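Peer 1: If you want the building blocks of each chain, they are given just below.
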Amino acid sequence: MSSSTTTTAPVTEAVRAGSFRRRSPYIRGILFAVAGIVLVAVAWQLYAIASAPPPGRRVAFPTLTDTLGSLGELLVDPGFWRLVGFSMRAWIIGLVVSTVIAIPVGMWLGLSRTAYRYARLPIELIRPIPAIIILPLVIVLMGTGVNFQVILIMQGVIWPLLIQTAYGVHLAHDTLIDTAKSLRLTRWRTIAFFRFPAAAPQIATGLKVGAAAAFAVTVTTEYVGGSFGIGTGLLAALSREDVPATYAITLFTGIVGITMILVFSAIERYFARWAPGGER
Amino acid sequence: MKTSDSRLVRTLQTLAVPLILVAAYLVGTLVWPSPFFPPVSKIADSFADTWLGPGFTQNVVPSLSNLSIGYVLGLVVGIALGGLLGRVLPLNQMFSPVLGFLLTIPPIAILPVFLFIFGIGPQFQIAAIVYGTMTYMLLATAAAVQAVESTLEDVGRVFRIDPLRRVFLMIYPAALPRIIAAARVSLASALLIMVVSEMIGTSRGIGAITLTAQQGFNYPQMWSGMILVAILGVAFSYVFILIEKLVGGAIGTRISMEGA
Numbered sequence: 001m002s003s004s005t006t007t008t009a010p011v012t013e014a015v016r017a018g019s020f021r022r023r024s025p026y027i028r029g030i031l032f033a034v035a036g037i038v039l040v041a042v043a044w045q046l047y048a049i050a051s052a053p054p055p056g057r058r059v060a061f062p063t064l065t066d067t068l069g070s071l072g073e074l075l076v077d078p079g080f081w082r083l084v085g086f087s088m089r090a091w092i093i094g095l096v097v098s099t100v101i102a103i104p105v106g107m108w109l110g111l112s113r114t115a116y117r118y119a120r121l122p123i124e125l126i127r128p129i130p131a132i133i134i135l136p137l138v139i140v141l142m143g144t145g146v147n148f149q150v151i152l153i154m155q156g157v158i159w160p161l162l163i164q165t166a167y168g169v170h171l172a173h174d175t176l177i178d179t180a181k182s183l184r185l186t187r188w189r190t191i192a193f194f195r196f197p198a199a200a201p202q203i204a205t206g207l208k209v210g211a212a213a214a215f216a217v218t219v220t221t222e223y224v225g226g227s228f229g230i231g232t233g234l235l236a237a238l239s240r241e242d243v244p245a246t247y248a249i250t251l252f253t254g255i256v257g258i259t260m261i262l263v264f265s266a267i268e269r270y271f272a273r274w275a276p277g278g279e280r
Numbered sequence: 281m282k283t284s285d286s287r288l289v290r291t292l293q294t295l296a297v298p299l300i301l302v303a304a305y306l307v308g309t310l311v312w313p314s315p316f317f318p319p320v321s322k323i324a325d326s327f328a329d330t331w332l333g334p335g336f337t338q339n340v341v342p343s344l345s346n347l348s349i350g351y352v353l354g355l356v357v358g359i360a361l362g363g364l365l366g367r368v369l370p371l372n373q374m375f376s377p378v379l380g381f382l383l384t385i386p387p388i389a390i391l392p393v394f395l396f397i398f399g400i401g402p403q404f405q406i407a408a409i410v411y412g413t414m415t416y417m418l419l420a421t422a423a424a425v426q427a428v429e430s431t432l433e434d435v436g437r438v439f440r441i442d443p444l445r446r447v448f449l450m451i452y453p454a455a456l457p458r459i460i461a462a463a464r465v466s467l468a469s470a471l472l473i474m475v476v477s478e479m480i481g482t483s484r485g486i487g488a489i490t491l492t493a494q495q496g497f498n499y500p501q502m503w504s505g506m507i508l509v510a511i512l513g514v515a516f517s518y519v520f521i522l523i524e525k526l527v528g529g530a531i532g533t534r535i536s537m538e539g540a
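In order, the protein sequences belong to chains A and B.
The numbering used here puts the first sequence at residues 1 to 280.
The numbering used here puts the second sequence at residues 281 to 540.
Since the hints were derived computationally from the structure, they do not count as laboratory data.
Derived coverage of chain A by chain B (criterion: at least 3 residues anywhere in the stretch with Cβ under 8 Å from a Cβ of chain B; other residues may be distant):
#1 29-35
#2 113-119
#3 133-139
#4 252-264
Ranges of calculated distance between the beta carbons of each label pair, as one might list FRET restraints:
#5 A/Ile-101 with B/Pro-334: 37 to 47 Å
#6 B/Pro-313 with A/Arg-120: 25 to 35 Å
#7 B/Arg-445 with A/Leu-141: 56 to 66 Å
Everything numeric in this text was worked out from a predicted model, so none of it was measured.
Even for Gly, the Cβ is constructed at its ideal location relative to N, Cα and C.
Starting from the given sequences, assemble the full structure and let the hints guide the process.
Peer 2: Next up, the structure:
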């Protein structure tokens with residue numbers, strides 16, 4: 001099925017590459033990426049200068065250099081790092097609690113057809129509810145501390161992770177399970193040494209999606225709910241109308257987000273080798 | 281492994297947990313009355329007052345009109361430019377990293393930027409929803425277009441179908457299932473951006489009213505708002521399940537006819 005794509009792909013690639021044919025496609029990709037970033041940076045700077053309001057009026061769109069200056073100031077400000085620390089603490093607790101719940105329950109749902117039948121409709125109904133909308137209720141019940149943040153993170157993370165896990169366990173090949181049977185492994189050993197590794201790639205993907213979602217929910221609870229963290233800094237910068245600092249914190253959250261994605265993608269690639277048919 | 285369970289048993293199994301939860305809430309509010317968990321009758325009254333009749337035009341319509349304008353705009357621009365991004369490799373290599381970076385910024389963190397640029401008002405909500413939908417659809421459409429088998433394109437060339445027709449009659453239809461899956465994800469995130477932006481940037485709309493109800497200790501109204509957003513989320517998800525079923529068949533036939 002995939003043989004046709006793998007044989008024609010390099011050919012199409014070479015034809016498309018045109019004049020860059022001799023350079024490796026990897027280097028070409030990096031060059032273009034850098035060019036794109038420079039282009040966007042220059043466009044930002046020029047647009048900010050062109051759209052600058054007359055002196056005395058508030059700037060809506062600061063220059064890139066002002067924004068990076070603000071970012072530099074933030075990065076040497078211990079107060080800001082304290083805020084980041086609070087956010088990261090809520091993020092880690094929320095992610096760990098969600099994982100500890102979602103993976104076993106997801107495996108159970110993937111293994112038992114009956115359990116899946118009972119759970120399908122509730123999951124389908126609860127999953128599409130945005131985490132943010134339970135914010136008012138959870139604040140009323142538990143205040144704005146880290147517990148409140150963790151509950152909201154759980155609503156954002158548990159469902160995708162649970163579904164990925166159940167799906168991954170369900171995918172495990174029958175031959176794999178027959179092997180475990182013929183080795184006369186106990187039920188728990190079969191799960192630990194056969195079912196779980198087979199599902200690991202799907203779980204890793206669920207974790208990557210969950211980590212990013214957890215960070216987004218964390219910042220939201222701080223901004224809207226009033227917990228302490230990066231969102232607090234964002235709100236403070238906004239209310240004192242410090243436009244470059246607001247943009248700088250926005251950029252900072254993007255840097256945190258992309259770091260998370262890169263780390264969890266590496267984990268994902270590592271576990272992808274565990275999948276049946278993955279490279280050994 | 282028993283698969284011979286009757287339809288009735290399966291239906292009961294499917295409905296069991298939701299019914300038990302609803303029953304537990306009903307009994308719970310009767311046995312342990314709590315201001316935070318008002319009885320269902322009060323929530324229903326508040327729902328009717330706030331979101332139905334005149335409340336519908338006043339509170340629900342603004343939210344839904346911002347959502348639909350922003351979502352449709354973002355979808356159209358995202359799919360059109362995303363197709364271009366998927367077809368032109370250098371463009372893709374230039375802009376994918378920047379777009380990927382924008383996507384990792386939590387929606388809430390980008391909202392202050394839109395507040396500065398657009399001020400408070402529907403234009404702020406619409407711009408935020410357009411942004412969220414568009415960035416995701418750009419990258420997802422580019423990936424969907426690239427995932428189309430290159431042999432399909434070669435077949436088009438052999439039959440001398442001109443490039444414009446190849447794109448609109450062959451590439452986009454072949455990429456459609458993935459594009460629809462992406463549209464589903466971005467509708468969910470558009471709903472989220474709608475609610476969050478109303479919680480921070482206005483006093484109108486579903487999100488604003490739900491949060492103010494909590495701050496004013498009007499718990500039945502708070503619950504009714506939560507239930508409305510939950511209903512919207514679930515309804516949107518089911519609409520897309522339906523679309524996926526409908527289009528799934530249509531795509532298959534169209535491609536096979538194109539090949540023949």
